[in-house]
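Hey, can you work out the whole structure from these sequences and the hints?
Sequence lines, in order, name chains A and B.
All residue numbers for the first sequence refer to my numbering, where the first residue is 1 and numbers rise by one.
All residue numbers for the second sequence refer to my numbering, where the first residue is 1 and numbers rise by one.
Treat the hints as calculated values from the structure; they're not laboratory data.
All of these numbers come straight from a predicted model, not from anything done at the bench.
30 Å max Cα-Cα, derived DSBU-like pairs, lysine-lysine:
id	chain 1	residue 1	chain 2	residue 2
1	A	K204	A	K147
2	A	K167	A	K145
3	A	K67	A	K83
4	A	K217	A	K204
5	B	K167	B	K217
6	A	K147	B	K167
7	B	K145	B	K237
8	A	K237	A	K147
9	A	K217	A	K167
10	B	K67	B	K84
11	B	K147	A	K147
12	A	K167	A	K204
13	B	K237	A	K84
14	B	K147	A	K167
15	B	K145	A	K167
16	A	K145	B	K167
17	A	K147	B	K145
18	A	K167	B	K237
19	A	K145	A	K217
20	B	K83	A	K237
21	B	K167	B	K204
22	A	K67	B	K67
23	B	K167	A	K237
24	B	K145	B	K204
25	A	K237	B	K84
26	A	K145	B	K147
27	A	K167	A	K147
28	A	K145	B	K145
29	A	K237	A	K145
30	A	K83	B	K237
31	B	K147	B	K237
Calculated Cβ distances over 10 Å to all of chain A for the following chain B residues:
id	residue
32	M49
33	G51
34	I87
35	P143
36	L166
37	E219
On the chain A side, residues computed to face chain B include the following (Cβ under 7 Å):
id	residue
38	G23
39	D24
40	C26
Glycine is no exception: its CB is placed at the ideal position from the N, C-alpha and C atoms.
Number of protein chains: 2
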Amino acid sequence: MKLQKETESPKGTAEGKHGRWYGDACGTAFALELVGERWSLLIVRELMMGGRRFSDLRRVLPGISAKVLTERLAGLEAAGVLKKRQIADPVPAQVYELTEWGYYAEVAIRELGRWAARSPLHDPSLPLTPVGLMLSMRTLIDPEKAKAFDAVIGFEVAGESFVAELKDGQLPIRRSSSLGDPSSAQVIFRAPAGPVVAAALYGKLPIAEVEAEMGLKVEGDRELAERYIGLFALPEKIV
Amino acid sequence: MKLQKETESPKGTAEGKHGRWYGDACGTAFALELVGERWSLLIVRELMMGGRRFSDLRRVLPGISAKVLTERLAGLEAAGVLKKRQIADPVPAQVYELTEWGYYAEVAIRELGRWAARSPLHDPSLPLTPVGLMLSMRTLIDPEKAKAFDAVIGFEVAGESFVAELKDGQLPIRRSSSLGDPSSAQVIFRAPAGPVVAAALYGKLPIAEVEAEMGLKVEGDRELAERYIGLFALPEKIV
DNA sequence: CAGAATCCCATTCGATACTG
DNA sequence: CAGTATCGAATGGGATTCTG
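The following block contains the structure:
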């Protein structure tokens, strides 16, 4: 990012002013120029389930400062990864939303996560944002097992709602404004935080135990919930 | 990386001393802690075709300083991505080699590259290292077309030699110490630099033209070379 | 409250010089 | 060849302030 700062790459000769960029035709190197700065890819991750406001991003990315978030959003917009958009819906506000191409980054984000989760040093007990949880499901679902299974699952995690529509081995997930009782979901997982759902999906703790000890609530078809959980497996560690 | 510096994550409470780490269970966030610093992932990329020495890395990563390379290698070793190994083969020396898990990062590296290459801002005319070229072939080959085609192709690019063994739609590539005439390759591409081969593979310029104007030499079965080139296509740009 | 702008300090980067 | 040592410049991040 920072594509149009003071001194852009002079006549395409491969490097910015201070050798700050890589000057490498390799797509990976270019990706790192676009999203390689601290926080950038996590911002993209948080936008993967739809546009978010500035303050939403600050909330789910604890530790990012307003200054850095501002800089990153500007850089990602200059890079064509996201666009700032005015909305008038609930109240006049602006949301940051991925461009079509920005959404294509999901595969790379997933594969980075799949790889890193296989490190023995990875600590899955840390906090997990609702969007992080949703993306982890899309990463870790077993596509073979999923083929034989259609379902509509609702999630309400830390106040954010999503609907996952399992079909043809695919698991598209969208944000849902209201996951009320007139929902089409056959089963709804409600949890105060991401790791609670993760404990059920990946930790393979019995649902009842996660309900009793971590505040999960599974509403609707509990047998379906069990089958759904059976679709996921953490990748094995490697050393 | 920097996993065991002065103040490691205190009792696993999610953040390092200065909030430098993300404290996020999301595998992607952890990946960024491991390889998210400037240059790290490009070092991993350059090791993807086998171990390299310190000076090899400095040469193919123009712009990286000895200091930063030293720091990154130490960090990546602490993270379990690579290992320093003593060799005595040609001369006593030490090489940095990916661990088994380190090699698994290739998918993520490829997907980052595939994504970024679809940006209209990507400039494919920049320099391309031999390893970058080899990885780009593994990224951009059409697996469907490749299924019906077995071949052994040699490459000698900027003094580095590789053999690619196309079989069952897979394209494993290994470094080759000598790509002499007693080689098993059915066709050999020789070029002074990566972009020359890229011009033939992805630019779809006629072989004869790339030979005449860019210094490519195609030895052996030229018809096979044409068929091989036909397996590759740049992904379309999106906006 | 949303978000941009400013100030300040710690860390990091990169170039150069130097060493076993 | 394989790194260390050093130093100025750039960046990162927190706190504060300003604007709507």
